[in-house]
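Trainee: Taken in sequence, the protein lines are chains D and R.
Residue 1280 is where the first sequence starts when you use the numbering used here, and the numbers rise one by one after that.
Residue 111 is where the second sequence starts when you use the numbering used here, and the numbers rise one by one after that.
Simulated from the structure, these hints should not be mistaken for laboratory data.
Computed from a prediction, not measured in an experiment: that's the story for all the values here.
Each residue gets a CB set at the ideal place from its N, CA and C atoms; glycine is no exception.
Each hint should be verified, as a subset may be incorrect.
Stated by the list, open to error - DSS-like cross-link-like pairs, simulated, lysine-lysine; straight-line CA separation at most 25 angstroms:
no., chain 1, residue 1, chain 2, residue 2
1, R, K180, D, K1281
2, R, K119, D, K1321
3, R, K193, R, K181
4, R, K119, R, K180
To be verified - Computed list of chain R residues with no C-beta within reach of chain D, every gap over 12 angstroms:
no., residue
5, I114
6, P118
7, E125
8, Q127
9, T130
10, E134
11, N136
12, Q151
13, Q166
14, G173
15, R178
16, S183
17, T187
18, K193
19, R222
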Amino acid sequence: QKEVEQNSGPLSVPEGAIASLNCTYSDRGSQSFFWYRQYSGKSPELIMSIYSNGDKEDGRFTAQLNKASQYVSLLIRDSQPSDSATYLCAVNDRGGYNKLIFGAGTRLAVHP
Amino acid sequence: DGGITQSPKYLFRKEGQNVTLSCEQNLNHDAMYWYRQDPGQGLRLIYYSQIVNDFQKGDIAEGYSVSREKKESFPLTVTSAQKNPTAFYLCASSTALGGGSTDTQYFGPGTRLTVL
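All chains, please: the whole structure from these sequences, using the hints.
Mentor: Take a look at the structure:
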């Protein structure tokens, strides 16, 4: 059973701090990795995709991928209260064409 | 505007009733997906389709049915055989990549189904 694991949280950080969200996955051969943000009652929206080992930065967000350790993370710099949401990690399922496996999500709370 | 639309936003179903959730996309994506999300849980795949007139079961297909007669449309029917259908239903679409990679899936706004 392929799995994507995330700490459910809540992860509580003060405004302006760095929030670090982590995700591990079980399929060593996975090639595509995604972070989605989901506000309460809303649908997920893409924050970042990453396909290669290393860091990928987009504004205040940095995704980090380490395929050897089967680990992907999302850093949010200068966290704002508007970043408070659930963050879903998704990894491609090599057993199914164009399928993703989603983690249960980490709830982030940024307090002023 | 390009995007994915789902209707209705809220849907109430009586016991023993079949209901159909609509999903339409104008992104010219080949692949479309249906997920179910229960409170505090991640997304579980119900059905997906890579091409018109073809679709595959996901992890929790029992009690659901789909069709893909047009590239733009992928309706989901929740049948009376689905014993616990109350959930948030999300439709997504993506381009269909090959070579072991998966492209980004974009989501519609969702339909919240409640059984009365």
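Trainee: Does each hint hold? Answer for all of them.
Mentor: We went through each hint and held it up to the structure:
1. R:K180 with D:K1281: Violated, at about 32 angstroms.
2. R:K119 with D:K1321: holds, 11 angstroms
3. R:K193 with R:K181: Violated. R:K193 to R:K181 sits at ~30 angstroms, over the 25 angstroms cutoff.
4. R:K119 with R:K180: Cα-Cα ~22 angstroms, so holds.
5. I114: violated, 9 angstroms
6. P118: Nearest chain D Cβ is 15 angstroms from R:P118, so the label holds.
7. E125: holds, 25 angstroms
8. Q127: About 24 angstroms separates R:Q127 from the closest Cβ of chain D, which puts it past 12 angstroms; holds.
9. T130: holds, 19 angstroms
10. E134: holds, 15 angstroms
11. N136: Answer for R:N136: holds, closest chain D Cβ roughly 17 angstroms.
12. Q151: Violated, since 6 angstroms does not exceed 12 angstroms.
13. Q166: violated, 7 angstroms
14. G173: Label holds. Min Cβ-Cβ 20 angstroms, cutoff 12 angstroms.
15. R178: The claim stands: R:R178 keeps its Cβ more than 12 angstroms from every Cβ of chain D (closest is about 14 angstroms).
16. S183: Given that every Cβ of chain D is farther than 12 angstroms from that of R:S183, nearest at about 18 angstroms, it holds.
17. T187: Answer for R:T187: holds, closest chain D Cβ roughly 20 angstroms.
18. K193: Given that every Cβ of chain D is farther than 12 angstroms from that of R:K193, nearest at about 22 angstroms, it holds.
19. R222: Check fails; 8 angstroms does not lie beyond 12 angstroms.
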